[in-house]
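Chains as they are written, first to last, in my numbering: chain A, 5 to 442; chain B, 5 to 442.
In short, the hints are calculated from the structure, not lab data. Each hint should be verified, as a subset may be incorrect.
Since the list gives no way to pick out one identical chain from another, each pair is judged satisfied if it fits inside one copy or across any two copies.
Unchecked claim - Mimicking DSSO-like on lysine-lysine, the simulated pairs with C-alpha atoms at most 30 Å apart in a straight line are:
hint, residue 1, residue 2
1, Lys338, Lys187
2, Lys127, Lys338
3, Lys179, Lys276
4, Lys187, Lys425
5, Lys344, Lys419
Below, each chain spelled out in residue letters.
Protein chains: 2
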Amino acid sequence: MVVPLKVGLAGLGTVGASVARLLGEQRELLALRCGRPIDLVAVSARSRRKERGIDLSGLRWVADPVRLATDPEIDVFVELMGGEGDPAHAAVAAALKAGRSVVTANKALLARHGVELAAAAEKNGVALNFEAAVGGAIPIVKTLREGLAGNAVTRVYGILNGTCNYMLTRMEREKLSFDACLKDAQRLGYAEADPSFDIEGHDTAQKLAILASLTFGTRVDPSAIYVEGITSITTADLEAADELGYRIKLLGVAVRTDEGIEQRVHPTMVPKDSAIAQVMGVTNAVTIDAEGIAPITLVGPGAGGMATASAVVSDIADIARGVRAAPFGRPQSKLTVSRKAPMQRHEGGYYIRLIAVDKPGTFAAIAHRLAEQHISIESIVQRHRSPQGGDDPRQPPPVPVILITYATTEDAVRKALAAVKRDRVISGEPQLIRIEKN
Amino acid sequence: MVVPLKVGLAGLGTVGASVARLLGEQRELLALRCGRPIDLVAVSARSRRKERGIDLSGLRWVADPVRLATDPEIDVFVELMGGEGDPAHAAVAAALKAGRSVVTANKALLARHGVELAAAAEKNGVALNFEAAVGGAIPIVKTLREGLAGNAVTRVYGILNGTCNYMLTRMEREKLSFDACLKDAQRLGYAEADPSFDIEGHDTAQKLAILASLTFGTRVDPSAIYVEGITSITTADLEAADELGYRIKLLGVAVRTDEGIEQRVHPTMVPKDSAIAQVMGVTNAVTIDAEGIAPITLVGPGAGGMATASAVVSDIADIARGVRAAPFGRPQSKLTVSRKAPMQRHEGGYYIRLIAVDKPGTFAAIAHRLAEQHISIESIVQRHRSPQGGDDPRQPPPVPVILITYATTEDAVRKALAAVKRDRVISGEPQLIRIEKN
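Isolated chain A, as found in the complex (with noise of 0.2 Å):
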């Protein structure tokens, strides 16, 4: 006899309701694909009145989530409320300890309490499967987890945050500041009105910190991971990669390096020919580099309803089909503690874009403290145009001048530009954008 996979559900917003709506519309082809029926039987939400276009009839209500991750009639446990905290947390560490698999889409969870809750999953032989809290409809962690299982993967990088992409995307095309277009990014939805979590790169580096566990082997760990956002990315800047080859995507960046695991978010230049500059709006993507092959790419939905829905079901389907994997591709008490390695020992290409003080011997001065760090120069772009002042005649204006570097240390770069600034020779602070080659 063939017995359905029960699932209950906590959750009803956006994504929940989806997931309700594909099991119900799916469930033939589901049962086909994976040998069993999937039967949500249960649901948990804060409001049981609200209108969501799908019929929860049929279905029991169980207003304590906690109490519906125990339930004894789910086999799998799906927890789309969010947050880091309760009730998230307690309902997902109640659901394994009962033996309930969970499926969820929370990355702040599991960035905070992945690896215990992955020794819970694996103490009690059941799935915990997250494909949507990385990169929506992709299969991102799939491929991490299973798809590249005997491979050396020596680096994965990606575009994990749709807002920001979405922002770079619209700044780049129409010449918009950043300002202007987070006001009407916000407008249309593609911006919370507090921004700062997706603009200061926190969602991506909790995103990456899970594409680092299972990539690496290394215990999750956002605390380990270098963030900057694109808050003081500007059109000139744009502009500038444009016309120097590249593009400016905000970049989680996951890489083995001699010095440890080196993870960092922040903007980056990606040559323009590459398959993740050609990456617009809200659109996600990753890279994957593994020793002796070209680099795959997977481009998709990162986020929205039915995308995230679709990998939650997904997830779903593999605990129907009986698939078991380590949460993070091995077990958990073989996560290794990441060797973090230091910003500063960050070696690569930058850009840097000064506004050099218009008088005799400053680009002299500066070239000299770049050279005391060893930095050598692939090119230079001086700009005849000020974007600001130099209206009085007497003052003359300041220059904007962009350098782009062969590889340096971050250390280096540090240090020739406190220097440049102790000299006097610019004004405000430089610009820095990193280089990250394909």
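Assemble chain B onto chain A, guided by the hints.
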């Protein structure tokens, strides 16, 4: 006690040797990820002495691959001999019958005997995995089989042949003629001495047959595919495409229509800003359109020893981990006979390049024939230079005319062009390239 998974490997060409090397080098990682070691225990190949750069000592040599397939010591038979006939077919069939799981990279075998082999795998409760058969290291089979389990996929299309994409890329970038490009590709090892299987689209068709089956739950059937290769593509077409905002790619496309499943392989105009248009050189890519979500595109190396081996090893790892999925995503008995959508009913935009005879009324005649078939023209490019002849002042030179149509049917276009030919207002054969919208 942990029981290793024992592997027998038939075929020690570039891919086979890379699989042997990966299984050795990544033994520890694989054991960690799969919960048990994977042991290569026996091999079979045509020549025992050939230098392959791998250590075969400690491995049993079984001269006959069919005997290796049923060897009592092995759990998994890895078939990397290639070819749709014997010994590959006999060996795979024997292995499945004897209750051994099978991993193969053999697209020809699957395109021809996929249904029969899937039935045998199912009957004997073993796995038949073939990630490497389509798109090399790109995890497309897994994504269609497991990753989008709950989505109604409406279309899948991709660049599945590296040779063709390499040639189209070079022709476009270097304005090389087809013949010159082919010669160079052959010299550099990107095209076979007999390139017809690749450049006439048959390799793409075999891979598309597999993707279509996974996507739509139909029985693999390459004979249902309309196939057209890239041999008629000229630099004039590539230049015109560029001007009009397109690139030309050889695509395999499977799409659900009202008429049934349309499966076709042909040179295709894709919008320059689409993900698939960015894919250059030998790289492969597949885009999946599913209901309610934005397209998902997977890009990566489609061929090469290590790329293919990587996919083979992940298939072996899945078996070690105990993952069982129906070979084509659902029980073989539930695979439907695809209702073949006739190519004449294909709907879409068309690029038409004609050499018009330069005499009064020519264009009116062409326009009339198109109007007769209710074909609307989106744009017209008339080039004021002739690629051929025209030295004789008494003989007006022929004029290349490029038309882009709005969506129409294959039937209408064919009929209109036949009428235009009968009217003797064009010289030579018209070029016709289908447009695929993203």
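Results of checking the hints against the structure:
1. Taking the shortest Cα distances, Lys338 and Lys187 never come within 30 Å of each other, neither inside one copy (46 Å) nor across copies (52 Å).
2. Proximity of Lys127 to Lys338 under the C-alpha cut-off of 30 Å is restricted to the intra-copy arrangement: shortest distance 14 Å within a copy versus 37 Å between copies.
3. Taking identical chains as interchangeable, the C-alpha atoms of Lys179 and Lys276 lie at most 30 Å apart whether they share a chain (18 Å) or sit on different chains (22 Å).
4. Taking the shortest Cα distances, Lys187 and Lys425 never come within 30 Å of each other, neither inside one copy (33 Å) nor across copies (58 Å).
5. When the C-alpha separation of Lys344 and Lys419 is checked against a cutoff of 30 Å, the pair qualifies only within one copy, where the shortest distance is 22 Å, while the shortest distance between copies is 67 Å.
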